[in-house]
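Place chain E on chain A using the hints.
Sequences listed follow chains A and E, in order. Per UniProt numbering, the very first residue in the first sequence carries number 1; after that it's consecutive. Per UniProt numbering, the very first residue in the second sequence carries number 1; after that it's consecutive.
Simulated from the structure, these hints should not be mistaken for laboratory data. Hints are supplied without guarantee of correctness; some may be wrong.
You can't tell identical chains apart in this list, so a pair holds if it fits in one copy or across any two.
Derived lysine to aspartate or glutamate pairs resembling DMTMM-like cross-links, with alpha carbons at most 20 angstroms apart [claimed, not checked]: (1) 285 with 47; (2) 44 with 14; (3) 54 with 86; (4) 125 with 244; (5) 141 with 123; (6) 23 with 317; (7) 223 with 196; (8) 345 with 272; (9) 312 with 393; (10) 320 with 276; (11) 119 with 140; (12) 141 with 122; (13) 141 with 126; (14) 320 with 272; (15) 54 with 14; (16) 141 with 116; (17) 270 with 47; (18) 24 with 232; (19) 356 with 313; (20) 356 with 196; (21) 188 with 116; (22) 119 with 33.
Quick caveat: nothing in here was measured; it's all calculated off a predicted structure.
What follows is each chain in one-letter form.
Number of protein chains: 2
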Amino acid sequence: MIVVQKYGGSSLADTKKILNVSKKIKKRIENGDKLVVIVSAMGKTTDNLINLAKSLSNNPPLREMDMLLTTGEQISVALLSIALNEMGIKSKSFNAFQLNIRTTEQHTKARIKDIDKQKILEELKENSVIIVTGFQGISDKGDLTTLGRGGSDTSAVAVAAKLGVNCEIYSDVDGIYACDPKIIKGAKKIEFITYDDALELSSLGAKVLHSRAVELAKKYKVKIYCASSFVDKEGTWVVEKIPEWLEQPVVTGTTIENDQTKITINELPKNEMLLESIFEELSKKNINIDMISMYSDYNHFHLSFTVLNALKDHIIDIIKSINSSLNVTYQGPFDKVSVVGVGMKSSTGVAARFFKTIANLGIKPEVVTTSEIKISVLVPKNISKKLLKNLADEFNLRR
Amino acid sequence: MIVVQKYGGSSLADTKKILNVSKKIKKRIENGDKLVVIVSAMGKTTDNLINLAKSLSNNPPLREMDMLLTTGEQISVALLSIALNEMGIKSKSFNAFQLNIRTTEQHTKARIKDIDKQKILEELKENSVIIVTGFQGISDKGDLTTLGRGGSDTSAVAVAAKLGVNCEIYSDVDGIYACDPKIIKGAKKIEFITYDDALELSSLGAKVLHSRAVELAKKYKVKIYCASSFVDKEGTWVVEKIPEWLEQPVVTGTTIENDQTKITINELPKNEMLLESIFEELSKKNINIDMISMYSDYNHFHLSFTVLNALKDHIIDIIKSINSSLNVTYQGPFDKVSVVGVGMKSSTGVAARFFKTIANLGIKPEVVTTSEIKISVLVPKNISKKLLKNLADEFNLRR
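This is chain A alone, in the form it adopts within the complex (with noise of 0.2 angstroms):
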């Protein structure tokens, strides 16, 4: 069978961890099956990388920031396919123009839009292992191209994707845990989840996965298995649905998001033109904004909003960039802890059971959001570990 593997660089990060991946290859191997490894590049290396960048230039061309740090997953795939040769493993290397793995124009966030299928298949009947360089492909002008943080997954689930085969995901982490095993003592680590709730956890700060990897996943119904690549432990699966001789939680996890604070407009002139410009400014620097909130009264807008501490100064210029009279304050800095679960959907009692943890704790929330599938709130940072717990025990997610 055939499967797709990616190892993160934590995994590969020296010599002695790169024979350690050898070695989980080989076992594979000698099952029977057959694999396409995607490797990121060696521990620091890309790091690295943009600092000697960074001593040349403040604002280095994208282009050329790409030919540099494509180079870094280069050095991996060569070492990988070196040492399990040497095991007696026929395997080969490849790179992006040698896969032409096609992506969008865009330096430094590039987006896969094709890769050489024939060609992997091609290689796998004369090798056991096709090791391809993860985080990068070539633009249609021929440039080097990089994908942006947590490429590498995304490259993994587009090779699975165009082989219709599993990916597996291997880093420093075992899986996905219900909450934060280092916050919260015994958290449950997730056996099944589903792409929204996996989703919902790596966009609210769980970094096991990048979302846009498991976006891609759920595109193309691509099964993902995250574990370490370090101790032989059961990971997690990501999937469309959990098994069905498995019970679906009303909720799969709890998460935190440190250091937010909390943007206010009060009185902000009845003008959608107004709002409009606003957002599409924060849009335009690239700026995340959360937790959005809004009410009006008979002549103004009230507009807040949540970012992460460290912009607060930069939106406040921006926004008094737009129209130096806005009544802008900030508050925080506050944590936001969230629920996660698709169960909420065909559950009731998830919100008050989450609002009375809340009061129990004699929190008053700063504000609130939900989705179908979330509920988070503000709150003071000196409460928002012991909520984290609480809300833990309240929807049994330790073990």
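What follows is chain E alone, placed relative to chain A:
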């Protein structure tokens, strides 16, 4: 005017040196030239990558070694392009795929077959500088290849040949000297040297230009200028014929090669097949032998040749493996001292002056070999430097 420049690894060893090279390039651009710049990997990058590979395998697949090593030049081109763009010079970097640098299939010692000249010329319309990865190419199969030691010099000359322009090669050496300035005080720098003399001098150990690059330059009549990237001193032109206003010296230079062992096979049965198989076996093992001399008597051949000391045991094993009864002995270590000059062809008396210089030192030459433009002698190590100095004086090679 379009000019090809090549910068070696020591000229690009860190970002400070990259900035230095960028400033040199900027000056040329301000003069109105357009540049195609070929670069090597930064400093010790290639050696570091080789060491990583060696820690994984003693016998890595050569295809994978090439995949690994070619990243070094890609890092250099990207960083140099970033530095140039930061200075306001429009430049763009290219690798072997992007310029379709076609080579033979022999990994780690491929030869360039073709380069996409049109692409270079097109890109030069929009950019002042095109930066190209040296040392590498792609085979017809689409695999990355490398050109072996001195490969970037060869890349530079190949691009210059294709474009029909001059080739400037910058390194940490400021030109070609008539004799080694580290040994001989006041050694003359050569202003103009013929391809043939440069070939003899570089193959004899004056490691300024790789002989493959000079051969290619000779074939396509590419004028090479070699100089230092660190100091602003006049370098050396390598050309077909030295300019008419300059007198061709009888002897262009003198060189020394250290650590030579003389291997002797006495009383070799008079059998051409045996002789042939000795040379064939050594050639198969990629062993360079030098200063071959042979005489025959009624029943036997007596053969001797020189090799690097380090290889002597290996070579004796090879010869014994052909026929264990062969009478192989060795003597050494010696040094080989040579004088080189195309001027010898049209001048008499060079040999006489050469042997007189040797005789004056009371040296009994171990072996002598001659070609049209070179005389070499194998001498004891303790007298070789003195001989070199006396030859430099005899043939006027000092300032």
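* To do: Sort out which numbered hints this structure fails and list those numbers smallest first.
  => 1, 4, 6, 8, 9, 17, 19, 20, 21
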